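In case you want the letters, here they are:
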Amino acid sequence: MTPPDYEYLRKLLKDHSGLDLSADKQYLIESRLLPLARKSGLSGIPDLVAKIRAGSSTHTVQVVEAMTTNETFFFRDKVPFDHFRDTIMPEVLKARAARRSVRIWCAAGSTGQEPYSLAMCLKEMGAALAGWRVEIIATDLSQEVLEKSKAGIYSQFEVQRGLPIQMLVKYFKQSGELWQINPELRAMVQHRQLNLLHDFSQLGTFDVVFCRNVLIYFDQDTKINIFNRLARLMEADGFLVLGAAETVVGLTDTFKPIPERRGLYRPSGVRAALAMPRPAMAVGY
Amino acid sequence: MKTCLVVDDSGVVRKIARRILEGMEFTVIEAEDGAVALEACKRALPDAVLLDWNMPVMDGFEFLVQLRRMPGGDQPKVVFCTTENGIDHISRALHAGANEYIMKPFDKDIVIAKFQEVGLLALDTPAEA
Numbered sequence: 001m002t003p004p005d006y007e008y009l010r011k012l013l014k015d016h017s018g019l020d021l022s023a024d025k026q027y028l029i030e031s032r033l034l035p036l037a038r039k040s041g042l043s044g045i046p047d048l049v050a051k052i053r054a055g056s057s058t059h060t061v062q063v064v065e066a067m068t069t070n071e072t073f074f075f076r077d078k079v080p081f082d083h084f085r086d087t088i089m090p091e092v093l094k095a096r097a098a099r100r101s102v103r104i105w106c107a108a109g110s111t112g113q114e115p116y117s118l119a120m121c122l123k124e125m126g127a128a129l130a131g132w133r134v135e136i137i138a139t140d141l142s143q144e145v146l147e148k149s150k151a152g153i154y155s156q157f158e159v160q161r162g163l164p165i166q167m168l169v170k171y172f173k174q175s176g177e178l179w180q181i182n183p184e185l186r187a188m189v190q191h192r193q194l195n196l197l198h199d200f201s202q203l204g205t206f207d208v209v210f211c212r213n214v215l216i217y218f219d220q221d222t223k224i225n226i227f228n229r230l231a232r233l234m235e236a237d238g239f240l241v242l243g244a245a246e247t248v249v250g251l252t253d254t255f256k257p258i259p260e261r262r263g264l265y266r267p268s269g270v271r272a273a274l275a276m277p278r279p280a281m282a283v284g285y
Numbered sequence: 286m287k288t289c290l291v292v293d294d295s296g297v298v299r300k301i302a303r304r305i306l307e308g309m310e311f312t313v314i315e316a317e318d319g320a321v322a323l324e325a326c327k328r329a330l331p332d333a334v335l336l337d338w339n340m341p342v343m344d345g346f347e348f349l350v351q352l353r354r355m356p357g358g359d360q361p362k363v364v365f366c367t368t369e370n371g372i373d374h375i376s377r378a379l380h381a382g383a384n385e386y387i388m389k390p391f392d393k394d395i396v397i398a399k400f401q402e403v404g405l406l407a408l409d410t411p412a413e414a
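Protein sequence lines correspond, in order, to chains R and V.
Heads up: the first sequence at position 254 corresponds to 254 in the working numbering, and the numbers run straight through without jumps.
Heads up: the second sequence at position 57 corresponds to 342 in the working numbering, and the numbers run straight through without jumps.
Among the hints, a few may not be true.
[To be verified] Some but not every residue of chain R turned toward chain V, in silico, with C-beta under 8 Å:
| no. | residue |
| --- | --- |
| 1 | GLN26 |
| 2 | ARG161 |
| 3 | ILE165 |
Just so you know, the hints here were simulated from the structure itself, not pulled from any lab data.
Given the structure is predicted, the values throughout are model-derived calculations rather than measurements.
We put the CB at the ideal spot given by N, CA and C, even for glycine.
Could you build all of it, start to finish, from the sequences and the hints given here?
What follows is the structure, encoded as structure tokens:
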């Protein structure tokens with residue numbers, strides 16, 4: 001890949017997805033885009049770049065999706081799900097006892113492992129949630145990964161990373177070497193395509209937002225902007241869950257960390273002025 | 286240092302498992318079938334057992350049943366590691382006292398994830414350990 005091609009792809013990714021690649025990530029681009037180029041019948045990344053330069057929105061979308069699809073697995077990092085079960089849901093059950101409803105947003109739902117992990121946590125709560133309206137909204141930039149999430153079908157390899165075997169037996173149906181999450185859990189999760197750079201106020205108000213391992217790819221101004229917009233669609237007593245390498249500290253005072261609960265934040269009540277980020281170029285979706 | 290008994294009739298699988306487990310700072314003991322593994326457990330109970338299902342002399346399921354009947358035999362964490370990937374086998378294993386279940390083929394990440402799941406490894410153990 002030539003330096004001009006790399007710079008072109010960096011700018012393209014920044015404009016379309018907010019993905020902020022440093023100057024030394026050629027290997028990442030090559031490892032993800034070379035298979036894509038070959039799948040498209042092209043000889044390599046230079047040809048792929050040439051297609052995009054010539055205005056191919058299909059290739060542009062494929063590149064953005066390939067670069068922003070993150071590895072994920074069930075109950076990833078475990079601790080956030082312990083927080084969800086032991087800290088978040090007990091408080092939600094008390095605070096929402098009158099209206100008996102809870103809305104949860106997985107802001108980088110990817111192929112479904114995170115929203116379905118939350119759905120399993122909720123099912124394990126059993127009678128405590130009987131009669132409650134539970135909504136889990138899973139969003140992602142990539143339509144392709146959302147389709148996989150909707151189907152809820154996973155390979156043997158995928159169900160072995162993070163998913164306790166008892167949960168596999170209880171909530172999945174085996175079909176050869178594939179495993180499909182049961183219809184009841186699939187029905188708990190709604191899927192929407194969404195770019196976090198765009199306005200997401202139409203999603204409504206949430207009690208809990210999981211926004212893990214996605215903001216690390218954004219530059220500081222974009223992170224601040226997303227945090228400030230997240231704060232506006234969260235209930236005042238809601239919970240924000242970030243990835244282990246992410247924090248609001250030093251970026252915004254719209255959220256405050258919960259002591260001794262790493263990765264867990266609550267709205268502070270401070271409302272920051274909002275400015276939407278620079279609009280992304282149209283990419284055909 | 287924790288010990289892990291690797292029970293598999295394939296020398297290649299035992300070698301791969303040994304490499305992974307030693308990378309996770311386990312002391313590894315090997316057995317080529319359930320009977321040899323049971324003798325090893327009578328001498329000293331390991332912290333963990335990575336257990337194949339189909340083996341000559343005594344299979345993994347029979348070993349598990351007998352291990353759980355031994356004094357202190359409820360202590361080792363038993364993780365099946367087998368090509369018997371059907372839900373019936375998994376359910377039987379759990380019912381007999383297995384703690385986790387790995388469906389072959391396996392890799393280091395899966396072993397780490399399963400050992401974390403049963404409390405044999407800290408949650409922050411990196412996959413590249």
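Here is how each hint holds up against the structure:
Of the supplied interface hints, the one on GLN26 of chain R is violated, with its beta-carbon coming no nearer than about 21 Å to a beta-carbon of chain V, more than 8 Å. Taken as an interface hint, ARG161 of chain R checks out: its beta carbon lies about 5 Å from the nearest beta carbon of chain V, inside 8 Å. The beta carbon of ILE165 of chain R comes within 4 Å of a beta carbon in chain V, closer than 8 Å, and the hint placing it at the interface holds.
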